[in-house]
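S.K.: If you want the building blocks of each chain, they are given just below.
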Amino acid sequence: MNQQEIAQQKLVEIFAHFGKPSKFSKGLFVFLILIILFAFYAFILQITRGQIVTGMRDYVIWGIYEVNFIFFIGISYAGAMISGILHLLHVEWRKPIIRIAEMITVISVLIGPIYVLLSMGRMDRFLHILEYGRIQSPIVWDVIAIITYLACSILFLYLALIRDYALLRDNQELKIPSFRKKIYRKLAVNYHETPLQKKLLNRGLSVMSAIIIPLAVIVHSVLAWIFGMTIRPGWHSTIFAPYFVIAAVFSGTAVLIIAMWVFRKYYHLEEYITEKHFKYIGLILLVLAGLYGYFTFSEYLTVWYGSETWELEVIYKLFDFSDYGAWFYLAAFVGVLVPMLFTGIPFLRNINTITIGSVVAVICMWIKRYLIIVPTLETPLLPNQDYRPEYVHYHATWVEWSLTAGGVALFLLFFMLFIRFMPIIPVADISEVPEKKDFISEKL
Amino acid sequence: MKNNLPSRRKFLKLGIAAGATALIGGGSVLSAISKVNKPASGDKVKMLSIDGKLMEVDRGHALCCGVPTSQEVRKGIPGRHFVMVIDLSKCRNARKCVSACSKMHFLEPGQEWIKVFLMQDSEDTTPYWFPKPCFHCDAPACVNVCPVGATFKREDGVVLIDNERCIGCKFCMAACPYSSRVFNWKKPELKPESNYSPESSVPQKIGTVGKCDFCPDLFASGTLPDCVTACPNGVYYFGDKNEDVVTNGVESLRFSELVKNKAAYRYMEELGTRPSVYYLPPVDRSFPYERGFEELPEEMKKAYKVKRAHLKKFKI
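Residue numbers (the numbering used here), protein chains in the order written: chain A, 1 to 444; chain B, 1001 to 1316.
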């Protein structure tokens, strides 16, 4: 055995424990199931009693369901953009982390649309979109884009997995139950690394990574246009699509960093996911934070300077501490500056601080999506003179919060499920090419 | 249902024929209607003749139509363009339009298809009451964004909702700049025994959107919408722009002249939605605006005040 083979065998061994969950993961599993069951109870309540159990009313017609939808679709950018671009540019160090990124993509694109269904008054009529769909409606654009995106990201993930399955199938030293062998045999689709197969697979991967980048851009642009196409303050903005795209890549990258940290700890992958990876992805996060901050500044400066009455009403709600001020400043400044400090200043930069910066970014991006949706809806053109307080201000109810928690729990649960059947580090890839020394790695 | 179809068509044809005779010499919708053989019920309804006269017709004669098919509902009445003119100088927030509308459409308590706003354009101008039904825009933002075509624009200018197709995505509510749409957040408490039609919008359906529908089920038979007849001050004028006549149930006026002479405007013309509802400015008012608070419950009074304080806070 040469060095590479030893490294590969080591990795294979790590992921061979698929079958034996640790005590911790068993506990986590039960905990997540409990949260999901509670969310399911809330869901049943909403189905039977109607959306009256949510905080949504005639003015604020979309609440945190829509926030969660944008949030989950946003973090799906981890796989699409980061993994797609790094793959296309043949960046060597991407290899240990792209699998995680692609998993995030698939899982979050599976969960995001659940919230669209939840915010629909009649989810039993969802198929009306197929039956009566009108291409003029941005919602139909969204449905088409997300379904395509989901299909492509699953394909992208799977194509990259084929070689790993072939490897697991062929590895004789691995002691795994025969049913797993059978699954691997099926999933490896008779891949034997012949020159032709290899060529085709690589080409397929390149094509998919080229497709998935514009597709991801389209998905979030269309999502932004659901808001941008309406004539409402805070929404009707020409930069909304690129703003959403940047915000999505920003939050997706942050989630990727958090996931890297978690898996590195849990599987003891210090050898494979190194500080260098955190610093490189951290630099990407730094650039994205800067871009996102720039977009935010540009958006609010133009609107505030223009001083249209309707627009100003929303702006002042965001700037005023008695309204959304605290949240706005948190999202616009803390959410941008903290990640920038931890990724940009060398002596502050290490694995843990970069991860903390990412956590801050993710939380602030959720808040930011809330600030996009709720204050605008609370500011109609004609004054809201409703005497019922719940029709004037939106407050999410426990039903909505528990369904939100349910979504996060489902996200983690899916992850636990995925890592049972997929090596979170591309085993075949990593052992194939010896790592080259990157020129920037010296400087960091 | 199909059996009734010819009679509805017949009525419409007769209406147009009557229109033609009216041009030649003094015919009316009444004469056309009387040709439809139906037993008299003794109950009189107010109807508008082609030349703009208001007359009383037996309900049995007037209600000639069966339930129209869904295609007919989506098409509307050819050759018409229904409009409303709201005279702001006469409104004192009596809210009779609101209650009549809610009663007729079996709306949930608190739900309003017509909202009466207290408007104040700037600090220096006096407040005025602003009743607002759906504007039935000619370039309706709500219709554009509907993913399933549940809300649609008819040939006669009316924008309706098919609550049996609506998926409750509420995108139309986000798109409408006038907050004209309301949502059925829970199961309707009132359960009228009638077959649903987008023209009557009754009964309300959970998880779908509702709004002012201009009462097309009434004007198919020539009856005025309930808000028009319920208003004690004759604020609402309803009619047909093509026929150039509007009426508030008391007087009938030429639409073009009314709009010209009283400097009518459409709310927020710059939004480009081209509403079918025109407003006459609140000049030479019949009532001081304070009268509008007289019969209001305390909580509503507070809600009207809160808004003005809110705007002052932002100095806008």
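Keep in mind the hints are simulated off the structure, nothing from the lab. Take these hints with a grain of salt, some might be off.
Claimed, not checked - Some residues of chain A that are not near chain B, with every Cβ distance over 12 Å (derived): (1) GLY27; (2) VAL116; (3) LEU155; (4) PHE179; (5) VAL207; (6) TYR266; (7) GLY344; (8) ASN350; (9) PRO389; (10) VAL392.
Said to hold, decoys possible - The calculated lysine to aspartate or glutamate pairs, modelled on EDC-like cross-linking and capped at a C-alpha distance of 16 Å, are: (11) A/LYS276 to A/GLU92; (12) B/LYS1301 to A/ASP386; (13) B/LYS1186 to A/GLU390; (14) B/LYS1115 to B/GLU1243.
Stated by the list, open to error - To spell it out: a stretch of chain B is covered by chain A in this simulated footprint if at least three of its residues, at any positions, have a beta carbon under 8 Å from a beta carbon of chain A; those stretches are: (15) 1161-1169; (16) 1178-1189; (17) 1232-1243; (18) 1295-1303.
Computed from a prediction, not measured in an experiment: that's the story for all the values here. Backbone N, C-alpha and C fix where the C-beta goes; we use that ideal spot for every residue, glycine too.
S.K.: Each hint needs a verdict: does it hold in this structure or not?
M.R.: Verification of the supplied hints:
Every beta carbon of chain B lies more than 12 Å from that of A/GLY27, the smallest distance being close to 39 Å; the non-interface claim holds. Residue placement check: A/VAL116 does not keep its beta carbon more than 12 Å from all beta carbons of chain B (closest about 8 Å). At roughly 26 Å from the closest C-beta of chain B, the C-beta of A/LEU155 stays outside 12 Å, upholding its exclusion from the interface. The Cβ of A/PHE179 lies farther than 12 Å from every Cβ of chain B, with a closest approach of about 42 Å, so its non-interface assignment holds.
For A/VAL207, the shortest C-beta to C-beta distance to chain B comes to about 31 Å, beyond the 12 Å cut-off, and the non-interface label holds. With a least CB separation of 40 Å from chain B, A/TYR266 remains clear of the 12 Å interface cut-off, as annotated. Non-interface status of A/GLY344 relative to chain B is upheld: no Cβ of that chain comes within 12 Å, the nearest being about 37 Å off. In this structure A/ASN350 is separated from chain B by more than 12 Å, as the shortest Cβ-Cβ distance comes to about 44 Å.
For A/PRO389, the non-interface assignment is contradicted: its Cβ lies about 9 Å from the closest Cβ of chain B, within the 12 Å cut-off. Against the 12 Å criterion, A/VAL392 falls within the reach of chain B, whose nearest CB is about 8 Å from its own CB. At most 16 Å may separate the alpha-carbon atoms for a hinted pair to count; A/LYS276 and A/GLU92 meet this at roughly 12 Å. Only pairs whose Cα atoms come within 16 Å are accepted, and B/LYS1301 paired with A/ASP386 is accepted, the gap being roughly 10 Å.
Under the criterion of a C-alpha separation no larger than 16 Å, the hint pairing B/LYS1186 with A/GLU390 is consistent with the structure, at around 15 Å. For the proposed pair B/LYS1115 and B/GLU1243, the alpha carbon gap of about 28 Å is over 16 Å, so the pair is violated. Closer than 8 Å: that is the beta-carbon criterion, and the stretch 1161-1169 of chain B has 5 residues meeting it against chain A, so the requirement of 3 holds. Counting residues of the stretch 1178-1189 of chain B whose CB lies closer than 8 Å to any CB of chain A gives 9, which reaches the minimum of 3, so the coverage claim holds.
Look at the stretch 1232-1243 of chain B against chain A: 0 of its residues bring a Cβ nearer than 8 Å to a Cβ of that chain, fewer than three, so the hint is violated. For the stretch 1295-1303 of chain B, the assignment as covered by chain A holds, since 5 residues bring a beta-carbon within under 8 Å of that chain's beta-carbons and 3 suffice.
Violated hints for the displayed structure, listed by number in ascending order: 2, 9, 10, 14, 17.
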